[in-house]
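Novice: Working from the sequences, and respecting the hints, build out all of it.
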Amino acid sequence: MMFYTLVRKDLLLEFRAKEIIIPMFAFGLAIIMIFALSFNASQAINHAFSPGLLWIIILFISSLGLNRMFVLEKEFDAFTLTLAAPVDRGIIFLSKAISGTILLLIAEILIIPPFIIFMNLTIPSDWHIMVLILLIGDLGIMSIGAIVSGLSMRAKLSEMLLPILFFPLVSPHIIACVKSTNYWFKGLSFINWQSWIFLMISFVLVFFLLGFMIFEYITEE
Amino acid sequence: MENYFFNSFLSAIVIVIISIIIWFIKQIITERKHL
Amino acid sequence: MELFFSKRINVIVAVFVFTLMVFNIYNIVNNTPMVPDQFWAQKIFYFHVPIAWIGFLSYLIVMIAGILYLINKKTVWDHLGFAAAEIGTLFVVLVLITGPIWAKPIWGTWWTWEPRLTTTLILFLIYVGYFMLRTFGGHPERTSRYAAVLGIVAFFDVPIIFYSVRFWEEKYQSHPQVEITKQNPEIVLPFLISLAIITILFSFMLKYRLHVLKVTHNRKID
Chain G
1 MMFYTLVRKD LLLEFRAKEI IIPMFAFGLA IIMIFALSFN ASQAINHAFS PGLLWIIILF
61 ISSLGLNRMF VLEKEFDAFT LTLAAPVDRG IIFLSKAISG TILLLIAEIL IIPPFIIFMN
121 LTIPSDWHIM VLILLIGDLG IMSIGAIVSG LSMRAKLSEM LLPILFFPLV SPHIIACVKS
181 TNYWFKGLSF INWQSWIFLM ISFVLVFFLL GFMIFEYITE E
Chain B
1001 MENYFFNSFL SAIVIVIISI IIWFIKQIIT ERKHL
Chain V
2001 MELFFSKRIN VIVAVFVFTL MVFNIYNIVN NTPMVPDQFW AQKIFYFHVP IAWIGFLSYL
2061 IVMIAGILYL INKKTVWDHL GFAAAEIGTL FVVLVLITGP IWAKPIWGTW WTWEPRLTTT
2121 LILFLIYVGY FMLRTFGGHP ERTSRYAAVL GIVAFFDVPI IFYSVRFWEE KYQSHPQVEI
2181 TKQNPEIVLP FLISLAIITI LFSFMLKYRL HVLKVTHNRK ID
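Chains as they are written, first to last, in this note's numbering: chain G, 1 to 221; chain B, 1001 to 1035; chain V, 2001 to 2222.
Careful: at least some of the hints might be erroneous.
To be verified - Restricting the straight-line Cα-Cα distance to at most 27 angstroms, the calculated cross-link-like pairs of lysine-lysine (DSS-like) are:
1) 2007/V x 2074/V
2) 2207/V x 2007/V
3) 1033/B x 2007/V
4) 1026/B x 2214/V
5) 2104/V x 1026/B
6) 2104/V x 1033/B
7) 1033/B x 2214/V
8) 156/G x 2073/V
9) 2207/V x 2074/V
10) 2074/V x 156/G
11) 1026/B x 2207/V
12) 2207/V x 1033/B
13) 2214/V x 2073/V
Unchecked claim - Beyond 12 angstroms from chain G on every Cβ pair, some chain V residues (computed):
14) 2014
15) 2015
16) 2186
Hints listed in this document are in silico derivations from the structure and should not be mistaken for laboratory results.
Keep in mind it's a predicted model, so treat the numbers as computed, not measured.
Just so you know, even glycine gets a beta-carbon here, dropped at the ideal spot from N, CA and C.
Specialist: In structure tokens, the structure reads:
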């Protein structure tokens, strides 16, 4: 029950202020622009690179989003107030991870149409599989992201510490996401690349579980 | 050609040995500083 | 508190370890077979691989120390985690240096995205973050706690990293070092000896580092 309240709180805050999704979208757009301008590549090259590029963009905007998600807690010491409530710390972790996933999904829905247009991509018709890949991918990103944000939130130079910790830890998951996206994009049937999806799911399970158990040690004062 | 291989081996092992020796020296210096 | 080497037994052990290492090098140089296409460069394997294994073992120790620290908050576990992280990272750096030195004469390039080497690189990057966290994390006891968490998270990631990198590109399959145990005994025996000696060296380094951490920790409190 507490979980839904916390998620609602995070999402409501966001929808009023929109100060997470808009910067994520703007940043993503900027990266697409820079890439298109720097490379000015043929459609064939674009098609080859776009799965990797998409996930690089998602990774960068996640980094931005994570920073902003936890900065809100730092201001006004809101986090201490949340902690004062008798809530299992693991639930706080889950709510952060899930609300982060939802925000990231929304940002992705916004950024993917411009991505397709500016990269001149032709995409396969079964786009619902891509939605699944995005969903599992985002869950993985946000699970490890919430753990790492918790660790770096109170540090000096937290904006620098977060990516340094976050990127290496999430890299196997990103490899799997890129692989899956690549195979889907080329139109290969699911059986060929299901092992990558399983890897992504394992990542999500491992770090959701770990985060749930370990978050109380991050939030002790 | 063979000599090239030997140089690789030599440089690798020298790097390993020197790093470990430097590590020990560093520990000794840190210890003495605090006493 | 006194110097580590003012204790007689430590000096004796140090000399012993040193002798063992000298013997190890002599053994590698003289008693190992010359492999046909790799000649001398192949012999790097006799310390490159043990150092890699011990590096990973060290990171396992960081995770275990982290779990123990979170459970009962005793400083000794924090120190063990930190010491193991440092020595592990030193060993991992040595792996990342000796790897390319070995690869260049054999495969012609300094670096390949071979699964084990890539996993080692990612692990190294994670631990760069670990030391940044230790330095910039804030209150000492909070830093200790956070470092413990990171040590646990990092090691849980290791198998996932390895598997993802392994199936990443077929052409980067593990370099043909083949299964160690299936090699001929003239290779296996010196390898095992080297592994044992480097493990002993590692334990000694760990013990020494723990001592130094304890001394400096007490000093800070005074």
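Novice: Are the hints correct? Go through all of them and say.
Specialist: How the hints compare with the structure:
1. Of the pairs offered as hints, the one joining residue 2007/V and residue 2074/V holds, with about 26 angstroms between alpha carbons and a cut-off of 27 angstroms not exceeded.
2. This hinted pair checks out: residue 2207/V and residue 2007/V have alpha carbons roughly 13 angstroms apart, not beyond 27 angstroms.
3. A threshold of 27 angstroms between alpha carbons decides the hint, and for residue 1033/B with residue 2007/V the separation of about 18 angstroms falls inside it, so the pair holds.
4. For the proposed pair residue 1026/B and residue 2214/V, the alpha carbon gap of about 16 angstroms is at most 27 angstroms, so the pair holds.
5. Distance check on the hinted pair: residue 2104/V and residue 1026/B sit about 31 angstroms apart at the alpha-carbon level, beyond 27 angstroms; violated.
6. Taking the CA atoms of residue 2104/V and residue 1033/B, the gap is about 41 angstroms. The hint is violated against a cut of 27 angstroms.
7. A distance of roughly 14 angstroms separates the Cα atoms of residue 1033/B and residue 2214/V; the hinted pair therefore holds under the 27 angstroms criterion.
8. Proximity of residue 156/G to residue 2073/V is assessed by CA-CA distance (about 24 angstroms); at most 27 angstroms being required, the pair is judged to hold.
9. Distance check on the hinted pair: residue 2207/V and residue 2074/V sit about 17 angstroms apart at the alpha-carbon level, within 27 angstroms; holds.
10. For the proposed pair residue 2074/V and residue 156/G, the alpha carbon gap of about 25 angstroms is at most 27 angstroms, so the pair holds.
11. A distance of roughly 15 angstroms separates the Cα atoms of residue 1026/B and residue 2207/V; the hinted pair therefore holds under the 27 angstroms criterion.
12. For a cut-off of 27 angstroms, the pair hint linking residue 2207/V to residue 1033/B stands: about 19 angstroms separates their Cα positions.
13. For the proposed pair residue 2214/V and residue 2073/V, the alpha carbon gap of about 15 angstroms is at most 27 angstroms, so the pair holds.
14. Against the 12 angstroms criterion, residue 2014/V stays outside the reach of chain G, whose nearest CB is about 35 angstroms from its own CB.
15. Remark: the non-interface label on residue 2015/V is consistent with the geometry, its nearest Cβ contact in chain G lying 40 angstroms away (cut-off 12 angstroms).
16. For residue 2186/V, the shortest C-beta to C-beta distance to chain G comes to about 37 angstroms, beyond the 12 angstroms cut-off, and the non-interface label holds.
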